[in-house]
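First to last, the protein sequences are chains A and B.
Letter by letter, the first sequence follows residues 1 to 312 in the numbering used here.
Letter by letter, the second sequence follows residues 1 to 312 in the numbering used here.
Treat the hints with caution; some may be incorrect.
Copies of the same chain are indistinguishable here, so a pair counts whether it falls within one copy or spans any two.
Straight-line C-alpha distance at most 20 Å; calculated DMTMM-like pairs for lysine to aspartate or glutamate [said to hold, decoys possible]:
hint: 1; residue 1: K177; residue 2: E142
hint: 2; residue 1: K190; residue 2: D63
hint: 3; residue 1: K310; residue 2: E191
hint: 4; residue 1: K44; residue 2: E257
hint: 5; residue 1: K190; residue 2: E243
hint: 6; residue 1: K307; residue 2: D84
hint: 7; residue 1: K283; residue 2: E182
hint: 8; residue 1: K44; residue 2: D67
hint: 9; residue 1: K216; residue 2: D67
hint: 10; residue 1: K138; residue 2: D176
hint: 11; residue 1: K283; residue 2: D63
hint: 12; residue 1: K216; residue 2: D116
hint: 13; residue 1: K45; residue 2: E311
hint: 14; residue 1: K190; residue 2: D210
hint: 15; residue 1: K20; residue 2: D277
hint: 16; residue 1: K187; residue 2: E253
The hints are simulated quantities; they were obtained by calculation from the structure and are not laboratory data.
Protein chains: 2
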Amino acid sequence: MRKILNKIKKYETIIIHGHKRPDGDCYGSQFGLKDIIKNTFPDKKVFVVGQTSAFVDFVGKVDVIEDDVYQGALSIVVDTAVEDRISDPRYKLGKEIIKIDHHIPVDDYGDIRWVDTSFPSCAQMIAYFYSSYQKELKLTLEGAIAMYTGIVTDTGRFRFRGVSNLTHQMAGMLLDKGVDVEYIDSKLSKETLEMIALKGYVYSNFVTTDGFVYLKMTRDIIEKYNVSDEQAASVVGLLGGIEGYPVWALFIEYPNEVRIRLRSNGPTINELANKYDGGGHAKASGARLEGWDQLPAFIKDVEAVVKAYKEA
Amino acid sequence: MRKILNKIKKYETIIIHGHKRPDGDCYGSQFGLKDIIKNTFPDKKVFVVGQTSAFVDFVGKVDVIEDDVYQGALSIVVDTAVEDRISDPRYKLGKEIIKIDHHIPVDDYGDIRWVDTSFPSCAQMIAYFYSSYQKELKLTLEGAIAMYTGIVTDTGRFRFRGVSNLTHQMAGMLLDKGVDVEYIDSKLSKETLEMIALKGYVYSNFVTTDGFVYLKMTRDIIEKYNVSDEQAASVVGLLGGIEGYPVWALFIEYPNEVRIRLRSNGPTINELANKYDGGGHAKASGARLEGWDQLPAFIKDVEAVVKAYKEA
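With the hints as constraints, model all of the structure from the sequences given.
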């Protein structure tokens, strides 16, 4: 961490990247880090770039910058294990690259790497970085909101394994900066009548097979309920935790593919996800099918994983 | 707190009471306190009495004791503001009575009272009690699970206002005792296919009026979906957080009354609850109707509260 701080001190321009389709933890890490650097070193130019996410846009607004800003700049990439998923790819234009991540490393990109899979969120790493050099660094409410959001979203509100005493210490420290938990919760759990109607659909139309629960989210359903793809994908959680069904998934239809959100509270499912062009965490992965005709094979593979798990 | 510790030291028999229809925080406080006393003073007789709750029975099993056990004993009542709601009423048979609570005080019962409304859960008070005398007191994993469960359930997983740095410090300290957050989560969020079907019903049949969302949970629905009254009542959360509807409620039909679970993320609603034979927190209260014929008047009263709030 000290090396990272020294690099930050050294560079005048710092550009912070995350991953494609950013989530709360990605945004939280990016904007948390920006807030720390910007407030500690007001003369530095600090940018957050990459794709945007409507879901967590209360955390901060992404900057749009020209290529030449990268000249002699430091690129920091957070929360991204796979090089190909970094958004946007211009991070390579930076003079040096730092990787900060909590995922199992896939690509060892970057000149300096701080990767620690014991952290349940990347935002907790940034908060820990701040707390470790609290005497030197400054953090405002805005950055605290960002990091708190990252911690909350990546841990499912402090529910997932990997949450530790340190997670709560960091969360508590951020609350002391004035974070209003109800404000963040209302932002994260805002529901529209359309979404409520969609939930009714999900609960009434899911399919159960041997230990596996799933739902096909087709284009006509997404259009009928007038929700965004992001919103449609978010309902995967509704299918979880049903007794006797340790694995669940949502299949979301796109023009040229079917994206899968695969979840488990029993067997490890990221190897299965790898087989279907995806990956992720042991209990939460993404994958894809080329079309619905691949679905029966996928279901069979899930059932095999569940069976092996139940027999173990 | 020191006074309470001294009383605990003084008595040989200690009987811990909670409130009727106990929730996670009530159980968490009762069994957390029992664990601390029992492990610190192995020779003392410590009992948890009162009604049981299937929902959180993984936290501990209630003791059944005879009246004469109360002779010369210390009664401790946790998490209960209203004397009439203490379960069971034999707490009065104790030689002395201690009240530990985080609700706005209604009845000032007890010889010693520790009431602090700044705590978002009573279990956090017990954890704080332990942490304040950590050198003298002993706590095992069982007690930590109990208190963590109390903190999690009463704060809606660290979401409600009142959650502070101290809340997270206590949660972190309990995790260090070996609490497995995924285990507790799986216990608290266990779902049956029946419950999932009921959720589908809720999302498809709620009623919206001016700023108010509600559902009538009649006996025939509870029977049709084959769920317990407790499970039926638990779905109130599904109706919350819909944009434009700051108040929501579930009306649960019982043989001689309709019980109301009333919630808000805007206006204060416990005064309204008081009017209908209930009470509770500013944003989460209970109340009752004598029958469905009172429903229109209740809706009107909610609408007035919402209107006043929107105009303020």
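Can you give me the call for K20 and D277, within, between, both or neither, at a CA distance of at most 20 Å? Answer is within: at 16 Å inside a copy they meet the 20 Å cutoff, but 53 Å across does not.
Measure nothing new, just compare the shortest in-copy and cross-copy C-alpha distances for K216 and D67 to 20 Å and report within, between, both or neither. Cα proximity of K216 and D67: none, with 41 Å in one copy and 59 Å across.
Same-copy or cross-copy closeness of K216 to D116 [CA-CA at most 20 Å]: Cα proximity of K216 and D116: none, with 35 Å in one copy and 49 Å across.
Are the CA atoms of K177 and E142 at most 20 Å apart within a copy, between copies, both, or neither? Within one copy only: 9 Å inside a chain, 33 Å across chains, cut-off 20 Å.
Reference check for the pair K283 and D63, CA-CA at most 20 Å: within, between, both, or neither? Neither: 33 Å inside a copy, 38 Å across copies.
Can you tell me if K190 and E243 fall within 20 Å by alpha carbon in one copy, between copies, both or neither? Between copies, since 6 Å is at most 20 Å while 28 Å is not.
Within a copy, between copies, both or neither: where do K283 and E182 come within 20 Å Cα-Cα? between (28 Å within a copy, 12 Å between copies)
When no copy is named, should K190 and D63 be tagged within, between, both, or neither for a Cα gap of at most 20 Å? neither (25 Å within a copy, 43 Å between copies)
Up to 20 Å CA-CA - E311 versus K45, copy category: This pair counts as neither: shortest intra-copy Cα distance 56 Å, inter-copy 43 Å.
Please sort K190 with D210 into within, between, both or neither, judging by C-alpha distance up to 20 Å. between (34 Å within a copy, 18 Å between copies)
As a check of your reading, is K44 near E257 (CA-CA no more than 20 Å) within one copy, between copies, both or neither? Answer is neither; intra-copy 43 Å and inter-copy 66 Å both fail.
Indicate which option fits the pair K310, E191 if close means a Cα-Cα distance not exceeding 20 Å: within, between, both or neither. between (36 Å within a copy, 19 Å between copies)
Hint violations for this structure: numbers 2, 4, 6, 9, 11, 12, 13, 16, all remaining hints satisfied.
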